[in-house]
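The listed protein sequences correspond, in order, to chains A and D. So that you can map any letter, position 86 of the first sequence is 86 in our numbering, and since no number is skipped, the others follow by simple counting. Just remember that our numbering sits 137 ahead of the position in the second sequence, which is counted from 1.
Keeping only pairs whose Cα atoms sit at most 35 Å apart, straight-line, the calculated DSBU-like set for lysine-lysine is: (1) K433(D) - K367(D); (2) K273(D) - K8(A); (3) K273(D) - K433(D); (4) K90(A) - K367(D); (5) K216(D) - K55(A); (6) K8(A) - K188(D); (7) K216(D) - K251(D); (8) K433(D) - K55(A).
Simulated from the structure, these hints should not be mistaken for laboratory data. All values reported here derive from a predicted model rather than from experimental measurement.
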Amino acid sequence: MIFQINFKSGMPIYLQLADQIKAAAASGALRPGEALPSIRPLAEELRVNRNTIAKAYSELESLGVIETLPGRGCFLKENHSDLRKEVRRKLLIEEIDQAIVQAHHLQVPRPEFLELVQERMDALDEKRRANVIHKED
Amino acid sequence: MDSPTPAIQIENLAYAYGRTEAVHDLSLTVQPGRCYGLFGRNGAGKTTTMKCLLNLLRPQRGQVRVFGLDPAKAEVAVKSRLAYVPDQVVFYPWMSVRETLDYLASFRERWNQKTEEELLERFRLDPAQRTDGLSKGQRTQVALIAAICPETDLLVLDEPTSGLDPIVRREFIETVIGAYQEGNPGNRTIFVSTHLITEFEGLIDEFTIIDRGRDVLTLDSDQARERFRKIRARFAQAPPEIDLKAALRVRREGRELEVIANGAGPELLERLRQHNPETLTTEALTLEEIFVAALKT
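Chain D on its own, in the form it takes in the complex:
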């Protein structure tokens, strides 16, 4: 059986602005139907990566494929199969919400009018309002409507919720889950870059952490949840040298040790136990805590 063409395939991508390397040797694969997160700090290389997918930048090394197509060679074909919400949403300021949506719809083969109506109502947007009178949250909402109505196979979101208040952020994610994932879920792929991981925790199936242009960790979310543990031990006296090489990170404070494990939890627990700690506790980590732990290494 043939494996399906990935929605996104990035191989050894590199891009530098002048002498500053924004992305270096980045590789990741997004299978169709998955919700994939690209997690990174500000300036880690997320937006540069996004721009290569959209042919706003050409890869300097490596390659990028969207549904098997090269965005540089088949730009129109690629763009017709995806919808994009950028981090800075810009509209023609004199256009109303209605005019903006009509304008954007004119580029699309397909446009679900019913979804448009539902979402305009859900977000309580006034179609007659000029876009320069909209708040940031409202502009993002219009951009999201314009991205969902064409019912493309791929939805690309670049830092979609930064600068938005918590209520708007949650509504955004509910809308992505509700309205975008409608229809054939196997054909609805989401690729989102963000540093606000907590909100997206439930949405993301799989993620890559990018730092300073490099991919640091790629994992399935459930596997990450099962593998990562924070182990704390306190000893009666300053702990002796314990072999904790299997740990991702170790922090020592007086008589206490804090160990972050990526998969080697049970082994590390056993090693610590052998030195008779006063207390020994284990806790699981949220994706955001895993993100922080992976980057502090």
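If we strip away everything but chain A, and leave its shape as in the complex, we get:
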């Protein structure tokens, strides 16, 4: 697994790591039962304090994403369908927040914004339907 720490993201390092591990789990880059990198080599590679890695793993453990087997390491937990949903929601929330900020900046008020969302969803549904009909031809 390859991690990327961004010191310019304004986000605590341990959270960046935890997020990347969650994303890896959601995308299948990390599979249930697979081991996470050991703390020492990962810390050395990223040039990050070991406590930070430990904190990220601790956070994931408290969220039920990973489990620690003493003497064996940390492993991605088997059943994390909740995780997939949670990660997907979170990613979508980030996009939605950005759109809301833009709307505010462009002075589009809330009722109009929500109307626009409905309009766009309808338009996409229409497009999808059109594609299906087209394929059936």
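Since the structure of chain A is provided, determine the placement of chain D on it from the hints.
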């Protein structure tokens, strides 16, 4: 529950060389297990502070404690609990690397022979080589080996990477993270002074910025990352007077404003937005950028 004894406690430290005040009213606390950075420009007072920890200088005012001990009164006890890498590494020039390490090991109760072997190999050092034949980077590496092998609870590094090439610098930090933090991490405390902050960005949990002998800012690294923002706004016409008192620093150039925020980011963004800027952007800062921003105030 008792709070643990800090690894380092500095309270209102003051030291002057003649009439030049090198350190003035400096206070900071390093809890055990933390990696603490003392960031400052050249001449800011970092080395003077370090010397007070090691009893190379006596505080003129205030006090310094290492694991609760006064370095002036319990010098041997303090020195046995810490290891130090100075900014100018000096060895007996006629001694070989092997002889130097043996000599330094003789002062120590504990010495991890296996770590010594691993590090000598990692750094590709020839034990038979005389120290006066070593490059600066290699001397620093020997000093680092000598500081890690005794496995002390506290590692004090004074400007450890200045003058070293980028590869050696990175290796140094990897070694500190790898070899030094081995064992009980709760008992491995690092106190490093530097002005090369970029490399240490990942290592440092908490830092104090020192400038002209005074502590300017003390923050947890993650908190600093969350609080500091650089906000840029451009207006159609020269911007009116906007209340930006909450900002750390404001810079004005024609129709553009650059605002550095320490925590008041959202508030400042809102104030700027109310004046309908053409563009409004926010970016987070690295620790080095925060250092520069804090000192330009």
